[in-house]
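Visitor: Could you build all of it, start to finish, from the sequences and the hints given here?
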Amino acid sequence: MTALPRAAGDARRPIWSRLGLHVALLVIMAIWLIPTLALFVNSFRPAADVSASGWWTALAPPWDFTLANYEHVLARQGLGEAFINSLFITIPATVISVMVAAIAAYAFAWMDFPFRNVLFVIVVGLLVVPLQSTLIPVLRLLASTGIAGSYLAVWLAHTGYGLPFAVYLLRNYMGGLPKEVFESAAIDGANPMVAFFRLALPMSVPVLASLAIFQFLFIWNDLLVSLIYIGATQSQNLPMTVVVANLVSSLGGETHFLTAAAFLTMALPLVVFLALQRYFVRGITGGAVKG
Amino acid sequence: MDQRLIQAAIVVIGVPGVLIGYVVLAERLLGLFEERRRARIRPWIWIAPAVLFLVVFLVYPTFNTIVLSFQDKAGQAFVGLANYEYFFSNSDTLVSLRNTVLWVVLMTLGVVGLGLVIAILVDRVRYESIAKSVIFVPLAISFVAASIIWTFMYQFRAPGSTQTGTLNAVLGLVGLGPEAFIQTAPFNNVFLIIVGIWMWTGFAMVILSAGLKGISTELLEAARVDGANELQVFRGIIFPLLLPTIFVVGTTIVITALKSFDVIYTMTSGNFDTSVIAFQMYKEMFTAGHLGRASAVAIVLLVTIIPFMAHNIRRFREQEAIR
Amino acid sequence: MQRRPTGLRGVVALGAAAMLVAVACGTGTPSGGNKVTVIGTWGGAEQEAFLAMVKPWEEKTGNVVQYTGTRDINAVLTTGVASGILPDLAGLPGPGQMFEWGKSGALKPLDDVLDIETYKAETSPAFVDLGTVDGKIVGVFIKSALKGLIWYNPGDYTGGAPASWDDVMSTSTGGAEALWCVGIESGAASGWPGTDWIEDFVLRQSGPDVYDAWVAGTHAWASPEIKSAFEGFGEVLDASYGGADTVVSTNFGDGANPLFTDPPGCVFHHQASFITSFFKDQGGAADGDFDFFPMPDINPAYAGAFTGAGDLFGMFNDKPAARDLLKYLVTAEAQQIWVSIGGALSGNTKVTDYPDDVSKRSAEILGSAKIFRFDGGDLMPTALQSAFFGAIVEFAQDQSKLDEILAGLDEASTAARGG
Chain A
1 MTALPRAAGD ARRPIWSRLG LHVALLVIMA IWLIPTLALF VNSFRPAADV
51 SASGWWTALA PPWDFTLANY EHVLARQGLG EAFINSLFIT IPATVISVMV
101 AAIAAYAFAW MDFPFRNVLF VIVVGLLVVP LQSTLIPVLR LLASTGIAGS
151 YLAVWLAHTG YGLPFAVYLL RNYMGGLPKE VFESAAIDGA NPMVAFFRLA
201 LPMSVPVLAS LAIFQFLFIW NDLLVSLIYI GATQSQNLPM TVVVANLVSS
251 LGGETHFLTA AAFLTMALPL VVFLALQRYF VRGITGGAVK G
Chain B
1 MDQRLIQAAI VVIGVPGVLI GYVVLAERLL GLFEERRRAR IRPWIWIAPA
51 VLFLVVFLVY PTFNTIVLSF QDKAGQAFVG LANYEYFFSN SDTLVSLRNT
101 VLWVVLMTLG VVGLGLVIAI LVDRVRYESI AKSVIFVPLA ISFVAASIIW
151 TFMYQFRAPG STQTGTLNAV LGLVGLGPEA FIQTAPFNNV FLIIVGIWMW
201 TGFAMVILSA GLKGISTELL EAARVDGANE LQVFRGIIFP LLLPTIFVVG
251 TTIVITALKS FDVIYTMTSG NFDTSVIAFQ MYKEMFTAGH LGRASAVAIV
301 LLVTIIPFMA HNIRRFREQE AIR
Chain C
1 MQRRPTGLRG VVALGAAAML VAVACGTGTP SGGNKVTVIG TWGGAEQEAF
51 LAMVKPWEEK TGNVVQYTGT RDINAVLTTG VASGILPDLA GLPGPGQMFE
101 WGKSGALKPL DDVLDIETYK AETSPAFVDL GTVDGKIVGV FIKSALKGLI
151 WYNPGDYTGG APASWDDVMS TSTGGAEALW CVGIESGAAS GWPGTDWIED
201 FVLRQSGPDV YDAWVAGTHA WASPEIKSAF EGFGEVLDAS YGGADTVVST
251 NFGDGANPLF TDPPGCVFHH QASFITSFFK DQGGAADGDF DFFPMPDINP
301 AYAGAFTGAG DLFGMFNDKP AARDLLKYLV TAEAQQIWVS IGGALSGNTK
351 VTDYPDDVSK RSAEILGSAK IFRFDGGDLM PTALQSAFFG AIVEFAQDQS
401 KLDEILAGLD EASTAARGG
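Chains as they are written, first to last, in our numbering: chain A, 1 to 291; chain B, 1 to 323; chain C, 1 to 419.
If you are wondering where the hints come from, they were derived from the structure by calculation, not from laboratory data. There could be a bad hint or two in this list.
Unchecked claim - The list that follows gives simulated cross-link-like pairs (lysine to any residue, SDA-like), each with its CA atoms no further than 20 Å apart:
id, chain 1, residue 1, chain 2, residue 2
1, C, Lys227, C, Leu402
2, B, Lys73, C, Phe99
3, C, Lys55, A, Ala75
What the hints assert, rightly or not - Okay, the calculated beta carbon distance ranges per label pair:
id, chain 1, residue 1, chain 2, residue 2, range
4, C, Asp403, B, Leu231, 17 to 23 Å
5, B, Trp44, A, Ile84, 47 to 53 Å
6, B, Leu32, A, Val181, 25 to 31 Å
7, C, Gly62, A, Ile84, 45 to 51 Å
8, B, Trp44, A, Val181, 53 to 59 Å
9, A, Ile31, B, Ala74, 33 to 39 Å
10, A, Phe115, B, Leu32, 22 to 28 Å
11, A, Phe115, B, Gly227, 43 to 49 Å
12, A, Leu59, C, Asp356, 20 to 26 Å
Claimed, not checked - If we take Cβ atoms under 10 Å as the criterion, some of the chain C residues that face chain A in the derived model are:
id, residue
13, Thr37
14, Val54
15, Trp57
16, Glu58
17, Ala75
18, Val76
19, Thr79
20, Gly84
21, Ile85
22, Asn317
23, Asp318
A quick note: this is a predicted structure, and the numbers were derived from the prediction, not measured. Idealized CB from N, CA, C, for every residue including glycine.
Guide: Listed below in C-alpha cells is the structure:
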C-alpha cells in the first residue's frame with residue numbers, strides 16, 4: 001500500500017477535529033462490521049448452539065468452537081474444481097466487459113455523432129431490464145447457434161448484462177477528463193485512437209480499477225446466469241456459487257454450512273479489492289493539467 | 001485442468017489483443033476515407049461491439065417482452081391491456097408498488113449519502129484501505145450470506161426466552177421486549193431496506209472515492225490556504241466537481257433499488273406485505289408461469305425510469321455546454 | 001496499454017481470435033462410458049444420499065452420473081423447456097409441474113423404459129397413479145415421506161397415543177409452557193408446515209372425496225369444510241408456544257426445539273417423518289428423545305386416513321443410459337440405499353430394512369394406510385400452492401381475516417387454472 005500524499009493543510013488542523021474524524025469513522029466501521037462479525041463467530045459454532053443462543057455468548061467461556069463447518073465445506077466434493085471454474089468464468093468476462101465498455105465509453109464521451117446522447121441514455125436505461133425476462137429468448141437464440149452451454153456463452157452473457165453500468169460509469173469519468181489534454185493532442189496531430197490509448201486510458205485508471213472490482217465481484221457471486229447459460233448439461237463447468245448453494249438440503253435447514261462457505265468464497269473478491277486499491281491514487285489527473 | 005488454465009490465460013491476453021486489433025484495423029480502414037468522413041464513421045465503429053452485445057442480450061429480449069406483455073399466460077393469444085389492468089388493480093401488486101417506492105427513496109438517500117460521507121472521511125486517514133475494506137465487505141459477501149447475516153441480526157424468539165438475534169438482545173439490555181422486526185408490517189420494509197443500504201454503501205463509496213481522487217490536490221490546497229474551512233471546501237469545490245459522479249451513482253442505485261429482489265426473496269419471500277415489483281415479476285414468471293403478466297411487470301419497470309433518463313439527457317447536454 | 005509494433009498487431013489479433021474460437025468449444029466429455037445429467041433440488045445430505053444411491057449403478061455400467069442440485073430448479077427447467085437445453089433426468093418440483101410438462105410432451109413417457117409389470121407390482125398404487133398423465137407414466141417416486149405425525153418427547157409426555165383429536169387437544173400441558181410448538185418459516189416457502197396441518201384436517205374431518213375435489217379445484221376454499229379445517233389449525237395456533245410472532249418467525253427446522261429444553265416449551269409437534277434429522281442437528285436431541293403417534297381420526301367415517309409426499313423423477317431426454325438409470329432407480333435395491341441412510345421412506349413395498357424404529361413404524365403406516373392421499377399443496381398448480389403458503393402466514397398473524405383469506409384463495413385457484 002503506497003502512502004497517500006498528504007495535503008499540507010492537515011498538520012494545521014486542531015487535534016479535536018482529527019479525533020472527531022477518527023471516532024466517526026470507527027463508529028461507522030463498527031456498525032458495518034458487527035453483522036458480519038456475528039456470522040463469523042457463528043460459523044465456528046455447532047448448529048445446535050447457533051439455534052439456542054446468540055453469537056456474543058460464544059465470546060465468553062465456556063468456549064465451544066468447532067471447525068466442523070469449515071471442514072465440511074472444504075471436504076465438499078468438487079469444490080476445488082468449482083473454484084477453478086469460477087475463476088475461469090469471472091476473469092475473462094471481466095476483461096471483456098472492461099475493454100468493450102472502455103472503447104464505447106470513449107466514443108460517447110469524446111466523439112461527436114448524431115443521436116449520441118439519446119443512444120447513450122438508452123444504453124443506460126437498459127440497466128433496468130430484469131434479468132429473468134431475458135433468459136428464455138436469449139437462450140433460444142444461443143441454442144440455435146450452438147454455443148449454449150459453453151464458457152463462451154457465459155462470458156458473453158455476463159458482458160452483455162454488465163455493459164450498461166460499465167459504459168455509464170466509464171463515460172461519465174472519461175467525459176470529466178480535462179478537455180485541454182485532448183485538444184493539445186489533436187493539435188499535435190494524434191488521431192483519436194492514439195488519444196484513447198495514450199491519454200484517456202492511463203488517466204482513467206482509478207475508474208477502470210473500480211469497474212474491474214465490481215465486474216469481478218458481481219460475476220464471482222453470480223449464480224443464476226451461470227446456472228442457466230451453462231446449464232445442467234455441463235455441470236462440471238459450474239461455478240462455486242452453485243456448489244455452495246448445494247451445501248444445504250432442499251428444505252434449507254443447515255445454514256451453518258452456508259455461513260462457513262460465505263467466508264471462504266468472500267476471500268478472493270476481497271483480495272482483488274485490496275490489490276486494486278493502489279490504483280485509487282490521487283494526483284493522476286491532477287498532475288496532467290494545471291488547475 | 002492445465003489445458004483450461006492456459007485457455008483462460010489466452011483469453012485474458014487475447015481479448016484485449018483482439019479489441020486493440022479491432023480499433024487499429026478500423027483506423028486503417030478509415031484511412032481510406034477522406035479526413036472529414038473519418039470522424040463521422042469512427043464513432044459508430046467504436047460503439048459497435050458494445051451495441052452488438054446490448055442488442056443481443058438486452059434489446060432483443062425487451063422487444064420480446066413488450067410483445068408478450070400484451071399476450072396471455074402462455075404467450076399465444078393477444079389480450080390487449082388486460083395484463084396491465086391486472087397489475088394496477090390487484091391489491092398485492094399495489095402493495096408491491098408502494099414498497100418499491102419506499103425502497104427507491106430510502107435506499108438511494110441512504111446509500112448515496114452514507115457513501116459520500118464515508119468516501120470523504122476515509123480520504124483523510126492513513127488506514128483508508130482498511131476502512132474501505134470494512135465497508136466493502138458486505139458487497140463481497142454475496143446476497144445469500146447477507147440475508148443469513150441479517151436473519152441472525154433480526155431474529156426473534158418468544159418473549160421471555162433467550163434472544164438469539166443481536167438487535168433483540170440489545171433491546172433486552174435496555175429493558176424493551178423483543179420485536180419481530182421482519183414480520184411486522186409496515187416498518188418491516190424499513191428493516192429490509194437497511195439490509196440493502198448496508199450492502200450497497202460500499203459500492204457508492206468506492207466510486208465516489210475514485211472520483212474524489214480525481215480532484216487535484218492543488219485546487220484543494222489553494223482553497224485551504226485562502227482560509228476556507230472544511231465545509232466551505234466541500235460545498236465550493238468537492239461537491240460541484242463530484243456532482244456528475246454522484247449523479248451516476250445515484251441513478252445506478254435508484255435502478256438497483258427498483259430491481260431489488262434478492263433481499264426480499266430470501267428474507268420474507270414477499271410475505272408480511274413486503275413484496276416489491278421485481279418479486280411480483282418473479283412470481284408471475286416462475287411460480288404462476290404467466291408470461292403475459294410477468295412481461296407487463298417488466299415493462300412497467302422500464303417505463304418508470306424514463307423520467308430519470310430524460311433528466312440524464314438534460315444533464316449531459318449541460319455538461320457538454322460547459323466543456 | 002502498450003502499443004505493439006505495427007505488423008505484429010494484426011497477427012496478434014488474428015491469433016487471439018483463433019484461440020477464442022478454440023476455447024469456446026468448452027471442455028470435452030469424460031471418456032469411457034456415457035454421461036447422464038441429472039438435476040434436482042437436493043443438496044447437502046440429500047445430495048450425498050442420492051449419489052450413494054446411484055453409485056452401484058455407475059460401477060456396474062461404467063457410466064457417470066452428473067448431478068446438479070439447485071433450488072432455482074423452476075427457473076432452470078422452465079427456461080430449459082423453452083430453449084430445449086435440458087438435462088436427461090430431473091427431480092421434478094412437484095406433481096403439478098410434472099403434469100404440465102407431461103402433457104406438453106417435454107417429459108417422456110416411461111411405459112417402455114421401466115419394467116412395467118414389476119413396477120406396478122412392487123409400488124403402492126397411489127404412487128403409480130400420481131406419476132401418470134393421460135394414461136402414461138411420466139414420473140416415478142425416488143423416495144417418500146409420511147405426514148401427519150405428532151411428535152413428542154417421551155421423557156416429558158408419558159401418556160399413550162390419544163384416541164381422538166379432542167383427547168389430543170385436551171391433553172394437559174404438564175410442566176410445559178404450551179401444548180403445541182409450531183414453526184412455519186421456510187424462506188421462499190414459508191407457511192408450508194401449516195398447509196400440512198390444513199390437509200390433515202380436511203382429510204380427517206371431511207373425508208377423501210372432499211379432499212380430492214378441493215385439490216382439483218372443484219370444491220371451493222370458501223366452504224364450511226375448508227373453513228373448519230382452518231379453524232382447527234387456528235385452535236392449535238392459539239395453544240402454541242410463543243404465540244403468533246414466534247410461529248411465523250421460527251424456521252420449521254427449529255420449530256420443535258422447545259420439545260427438548262428443560263423445562264420444555266411444549267408437549268406436541270406436528271411434522272412429517274423426515275424431520276428427525278432436524279431434531280438431532282438443530283434441536284440437540286438424541287435418538288430416544290423423540291417418538292411419535294399418528295394424528296388421530298376426527299370423523300370416524302374417515303378412519304385410517306393419512307397424507308404423505310414424495311420426490312418425483314422424470315426423463316427429458318430419451319437416451320439409453322438415462323433409461324437404464326431410471327429403471328435402476330425404482331428397484332427395491334436402489335431405494336433401499338437411501339432408506340438405510342435415513343430420513344426417507346420408499347413407495348416400493350419390497351423395501352423392508354429400516355434403520356430405526358421410528359422409520360420402521362412410519363413405513364408400516366405408509367404401506368398399510370386405508371386411505372392415503374398425497375400432499376394437497378404439491379398437487380395444486382404452483383401459483384396456487386404459493387398462495388396457499390402465503391395464506392397460512394397471513395392466517396397465523398391474524399385469524400380474524402379468515403374469510404378474506406379463503407376468498408383470495410378461490411380467486412388464486414381460478415387464476416391458476418387458466419380462468
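Visitor: Taking the hints in turn, state whether each one holds.
Guide: Results for each hint:
1. C:Lys227 - C:Leu402: holds (8 Å)
2. B:Lys73 - C:Phe99: Judged against 20 Å, a Cα distance of about 17 Å means the pair holds.
3. C:Lys55 - A:Ala75: The hint holds at about 19 Å.
4. C:Asp403 - B:Leu231: 17 to 23 Å: At roughly 60 Å between Cβ atoms, leucine 231 (chain B) and aspartate 403 (chain C) fall outside 17 to 23 Å, so the hint is violated.
5. B:Trp44 - A:Ile84: 47 to 53 Å: Given about 39 Å between the Cβ atoms, the range is violated.
6. B:Leu32 - A:Val181: 25 to 31 Å: holds (29 Å)
7. C:Gly62 - A:Ile84: 45 to 51 Å: Once the Cβ atoms are compared, 26 Å apart, the range 45 to 51 Å for isoleucine 84 (chain A) and glycine 62 (chain C) is violated.
8. B:Trp44 - A:Val181: 53 to 59 Å: At roughly 24 Å between Cβ atoms, valine 181 (chain A) and tryptophan 44 (chain B) fall outside 53 to 59 Å, so the hint is violated.
9. A:Ile31 - B:Ala74: 33 to 39 Å: Because 49 Å falls outside the window, the suggested range is violated.
10. A:Phe115 - B:Leu32: 22 to 28 Å: holds (25 Å)
11. A:Phe115 - B:Gly227: 43 to 49 Å: holds (48 Å)
12. A:Leu59 - C:Asp356: 20 to 26 Å: Distance hint for leucine 59 (chain A), aspartate 356 (chain C) is violated at roughly 38 Å.
13. Thr37: For threonine 37 (chain C), the interface hint holds, since the closest Cβ of chain A sits about 5 Å away, which is under 10 Å.
14. Val54: violated (14 Å)
15. Trp57: violated (18 Å)
16. Glu58: Result: violated, 14 Å to nearest chain A Cβ.
17. Ala75: holds (7 Å)
18. Val76: Given a least distance of 6 Å, the restraint on valine 76 (chain C) holds.
19. Thr79: holds (5 Å)
20. Gly84: holds (5 Å)
21. Ile85: Given a least distance of 5 Å, the restraint on isoleucine 85 (chain C) holds.
22. Asn317: Hint holds; asparagine 317 (chain C) Cβ to chain A Cβ min 9 Å, cut 10 Å.
23. Asp318: For aspartate 318 (chain C), the interface hint is violated, since the closest Cβ of chain A sits about 15 Å away, which is over 10 Å.
Hint violations for this structure: numbers 4, 5, 7, 8, 9, 12, 14, 15, 16, 23, all remaining hints satisfied.
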